[in-house]
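Engineer: With the sequences and hints as input, model every part of the structure.
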Amino acid sequence: MELSRRETLALGLGAAVLALVPFRANAAAEDAIAAFTGGADMADGGVTLTAPEIAENGNTVPIEVSAPGATSILIVAAGNPEPGVATFNFGPLAAEQAASTRIRLAGTQDVVAVAKMADSSFAKASATVKVTIGGCGG
Amino acid sequence: MASGVKPRVKVPKKAAAGETITIKTLISHKMESGQRKDKEGNIIPRSIINRFTCEFNGELVVDVTLEPAISTNPYFQFEANVPESGDFVFTWYDDDGSVYDTRKSIEVA
Numbered sequence: 013m014e015l016s017r018r019e020t021l022a023l024g025l026g027a028a029v030l031a032l033v034p035f036r037a038n039a040a041a042e043d044a045i046a047a048f049t050g051g052a053d054m055a056d057g058g059v060t061l062t063a064p065e066i067a068e069n070g071n072t073v074p075i076e077v078s079a080p081g082a083t084s085i086l087i088v089a090a091g092n093p094e095p096g097v098a099t100f101n102f103g104p105l106a107a108e109q110a111a112s113t114r115i116r117l118a119g120t121q122d123v124v125a126v127a128k129m130a131d132s133s134f135a136k137a138s139a140t141v142k143v144t145i146g147g148c149g150g
Numbered sequence: 244m245a246s247g248v249k250p251r252v253k254v255p256k257k258a259a260a261g262e263t264i265t266i267k268t269l270i271s272h273k274m275e276s277g278q279r280k281d282k283e284g285n286i287i288p289r290s291i292i293n294r295f296t297c298e299f300n301g302e303l304v305v306d307v308t309l310e311p312a313i314s315t316n317p318y319f320q321f322e323a324n325v326p327e328s329g330d331f332v333f334t335w336y337d338d339d340g341s342v343y344d345t346r347k348s349i350e351v352a
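Sequence order for the protein chains is A and B. Here this note's numbering = 1-based position in the first sequence + 12. Here this note's numbering = 1-based position in the second sequence + 243.
Hints were generated in silico from the structure; no laboratory data involved. Built from N, CA and C at the ideal position, the CB exists for glycine as well. Hints may be right or wrong, so weigh each one.
What the hints assert, rightly or not - Here's a subset of chain B near chain A, in silico, CB distances under 7 Å, partners left out:
hint	residue
1	D281
2	V307
3	F319
To be verified - Partial chain B-side listing against chain A, Cβ under 8 Å, derived:
hint	residue
4	G301
5	L303
6	T308
7	S314
8	F321
Structural biologist: Written as structure tokens, this is what we have:
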């Protein structure tokens with residue numbers, strides 16, 4: 013197949029766009045967040061996401077989320093094959109809207125926490141974790 | 244069916260009324276993500292715990308939805324209020340339909 017000048021340019025442009033979107037999974041992560049918020053705006057602040065800056069082993073990355081006054085918190089790892097990580101729903105006896113757990117990360121990426129507040133507003137926090145060894149096997 | 248599933252929970256035995264207590268839970272489970280492949284290159288089917296709940300005297304403390312990105316042997320730590328003496332009930336729901344539960348009682352002085 014011979015490429016015309018126009019097609020070559022179009023290909024180059026396509027490649028540049030692909031490079032700007034490092035993981036296709038980003039879109040999936042945005043979808044997951046949109047499904048949680050219903051497309052509502054998210055404020056910054058109000059949520060604290062504690063994650064290590066560098067995780068040697070992507071199989072167990074300790075994280076902690078805290079969002080005072082939240083009814084639920086969604087955690088999303090944008091660079092994983094499946095972006096969803098966990099959703100915490102807090103009941104009336106939860107003393108603090110905070111929890112910690114251990115998660116798997118496939119590689120260096122941003123982990124995002126979205127909290128749904130009692131007045132159904134949303135807040136968001138994210139943390140970048142560098143992963144030395146990915147946690148997805150294969 | 245995941246074998247050797249054993250829940251472990253740490254709850255203080257006593258607390259003062261209205262005190263905030265820290266609860267730590269861990270359940271031994273492989274949490275097969277459905278992403279890994281075996282030696283022949285076949286995908287190992289997903290087998291995880293997909294939900295965890297903690298209740299105190301029938302009132303909800305926390306209800307967690309788990310995805311494959313939760314590590315092997317899922318661990319959770321959270322804070323709870325204890326208004327009176329009673330039982331904590333911890334329940335884990337497996338993909339295969341099994342339900343594992345354990346209870347811990349606490350005395351409020």
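Engineer: All hints, please: hold or fail.
Structural biologist: Outcome of the hint check:
The beta carbon of D281 (chain B) is not positioned within 7 Å of any beta carbon in chain A (closest approach about 10 Å), and the interface hint is therefore violated. Hint status for V307 (chain B) relative to chain A: holds, with the closest Cβ pair at about 5 Å, below 7 Å. This hint holds: F319 (chain B) has a C-beta 5 Å from the nearest C-beta of chain A, less than the 7 Å allowed. For G301 (chain B), the suggested interface contact is broken, since its CB lies about 10 Å from the closest CB of chain A, more than 8 Å.
For the restraint placing L303 (chain B) at the interface with chain A, the shortest Cβ-Cβ distance is roughly 3 Å, inside the 8 Å limit, so the hint holds. Given hint, T308 (chain B) at the interface with chain A, holds; its Cβ is 4 Å from that chain's nearest Cβ, closer than 8 Å. A least Cβ separation of about 4 Å between S314 (chain B) and chain A falls short of the 8 Å threshold, and the interface hint therefore holds. A distance limit of 8 Å between C-beta atoms decides the matter here; for F321 (chain B) the minimum to chain A is near 4 Å, and the interface restraint holds.
Violation of the numbered hints given earlier is confined to hints 1 and 4; the remaining hints are satisfied by the structure.
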